[in-house]
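*Asks:* If you want the building blocks of each chain, they are given just below.
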Amino acid sequence: METQGQGEVCSPEILAYMELALEQAKHALDCLEVPVGCVMVESGKVIASGRNRTTETRNATRHAEMEAIDVLLEQWQKTGLSVSEVAEKFSKCTLYVTCEPCIMCAAALSILGIKEVYYGCANDKFGGCGSILSLHSSSNQPHDSGEVAQGKGFKCIGGVMASEAVSLLRCFYEQGNPNAPKPHRPVTLQPADH
Amino acid sequence: MTNEKTEVWKIIHIPDKRPISPKEQPTVNAFASVIEPKLANALIRLLNQIAPLEDMRHVKRIQKRHDESGKIQLSVILCLASENDNQSSNMPQNVQELINSYQLSPFIIKVCKWAATSREEWEEQCKLWPTSYHPPTYNINGITGFGEEDSQSVFNFMKVAVDLAKSGGGLMVNAAVIVDPSVQQIIASGHDQIYSWHSRTGIENSNFKQPASFASNPKPSGANHLTVFPNNLHNGPARLYAGVSCLNPWHWCGQQLDMGSSCYLHPLQHAAIVAIESSAERDRRLFPGLLHTVKSSEVKHMQSSCAGSPAKRQKINLAYVEDGKELDADSEVTSVRPYLCTGYDIYLVWEPCTMCAMALVHQRIRRIFYAFPNPNAGALGSVHRLQGEKSLNHHYAVFRVVLPEEVLNVAEVVARADDDNDQIATAVS
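Chains A and B are the protein sequences, given in the same order.
For the first sequence, the numbering used here puts the final residue at 399, and the numbers step up evenly by one.
For the second sequence, the numbering used here puts the final residue at 439, and the numbers step up evenly by one.
Next comes chain A alone, as it looks inside the complex:
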């Protein structure tokens, strides 16, 4: 709802980064993972990529965004960046991800203070950038008068190459998730059939 620019004509640059994110998603599909991928961009340069790795790790929190974030944190600190420099870096990062960040990832991106997010298809079941919660839009809660800023919002634009992202997901769910427990109901296409 707060998400801007759904269906807008995107610049070639944005589309090019989303292509790279989709490549990551395809890679995930090849590895029998839910096909979601992302790239992190700073000053026009791709500085990290990630793809869903939940099956391989048996850790359902290892979403594409989390993978890319870990790459960045390790990389930056190996080069000796301080805490404040790390924070500064995140505030200049743009994320391109094939599916709307889930509630967990959206919260994580807010914690890190990322600059902006472009995503492909919406995430009707878990989305944290407008679908279920709107964690990107809130400057969260005035409860604490402490010196540190509470909840950081970020600019968020959805619908970039959404159909490509959806068709990858469709591929995955049609072949069935071999790792999920036996479904209670027949498998249907999900998520984001719209």
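There may be inaccurate statements among the hints.
To be verified - With a straight-line Cα cutoff of 20 Å, these simulated DMTMM-like cross-link-like pairs (lysine to aspartate or glutamate) come out:
1) K400/B to D329/A
2) K250/A to E224/A
3) K330/A to E399/B
4) K330/A to D26/B
5) K70/B to E133/B
Quick caveat, the hints were computed from the structure, so don't treat them as lab data.
Given the coordinates of chain A, assemble chain B onto it according to the supplied hints.
*Replies:* Same frame as chain A, now just chain B:
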């Protein structure tokens, strides 16, 4: 409400919906009419066919009252009405026909939209129109209460989590313990590691040095170190809790710590996230073959090879399982690999933030127990309430465990002065 100084353990269910005052329950409009008592059976049978009260099974179709003269008067609900529209002409055709043939005179009433969840709610509901109330029956989630044995087990595991959170000395952190309740076994645990991150890839095997306060095998000595826990968060010295990741998720960037080269910063390594990774690591270790069923003999064989590898061993945080028990615990593994944390419980000292609460949805945790509400960023009732987000594909049951004084070992510095500042208590009650 007074400051929550308690002498006993208590388990409080945190429901899916924000609790509302019994007097403020949402209502919907309905058309009703007074009827002849002798027609009651026939009319109700007819109405249940032509205008069933879908999704409102708690609402009784008929109301029995005594009028001024003491005579019994019966009214029935004909059908639901929309919010602003009390035109009987908008009723379904067959209801109108019934009204005409029995010469009824419809009027608008209000009925409560949702079934009562407590006796108090039910009594309020019946002032509007009678409803039924079924005190919830026992189920595996323990929503309706815990038996003595189960309660004791909950308290014991929560104490493990509290001890883990205290292990940092004066600096408070959040701690998480994942438990398989069917065998009373600790599967994994973790505490906040925002400033002491082990990267999974690069630095795992390097000569990694942890800050002393997060030594991997902490001994909760109790007696000497300052252990201040908030029965009322706003009473305590705030800086003591500044290090609790879920309370202050955005705090990391304000820190002026000298990281040095010995440890990495990871602002997302909250206790629950650390514990989830630890349980996933255990899963990978015990069930290395992804899709084939591991026979228990294979598990045993694998354990012995793992036991010889201290590097792998130490990644599993079993610090609080007594030495002798560690191997026993592993050998209780069943031959079927669990899917993520299905069936497991997690004990957290603080109510998790949105990121952690959603992570626990993804990992399929069955029940969450936390000791202290998190008014800043809590996602299980304080700021958000993920257990009530219907669209999610998994739902856990949430409980707050109120701890007695002696477990908290509250130091005198927690002022008792502002008992009126009870934001925390009201956030959950």
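*Asks:* Each hint needs a verdict: does it hold in this structure or not?
*Replies:* Hints versus structure:
1. K400/B to D329/A: Holds, at about 11 Å.
2. K250/A to E224/A: 14 Å, holds
3. K330/A to E399/B: 9 Å, holds
4. K330/A to D26/B: 17 Å, holds
5. K70/B to E133/B: Holds, at roughly 14 Å.
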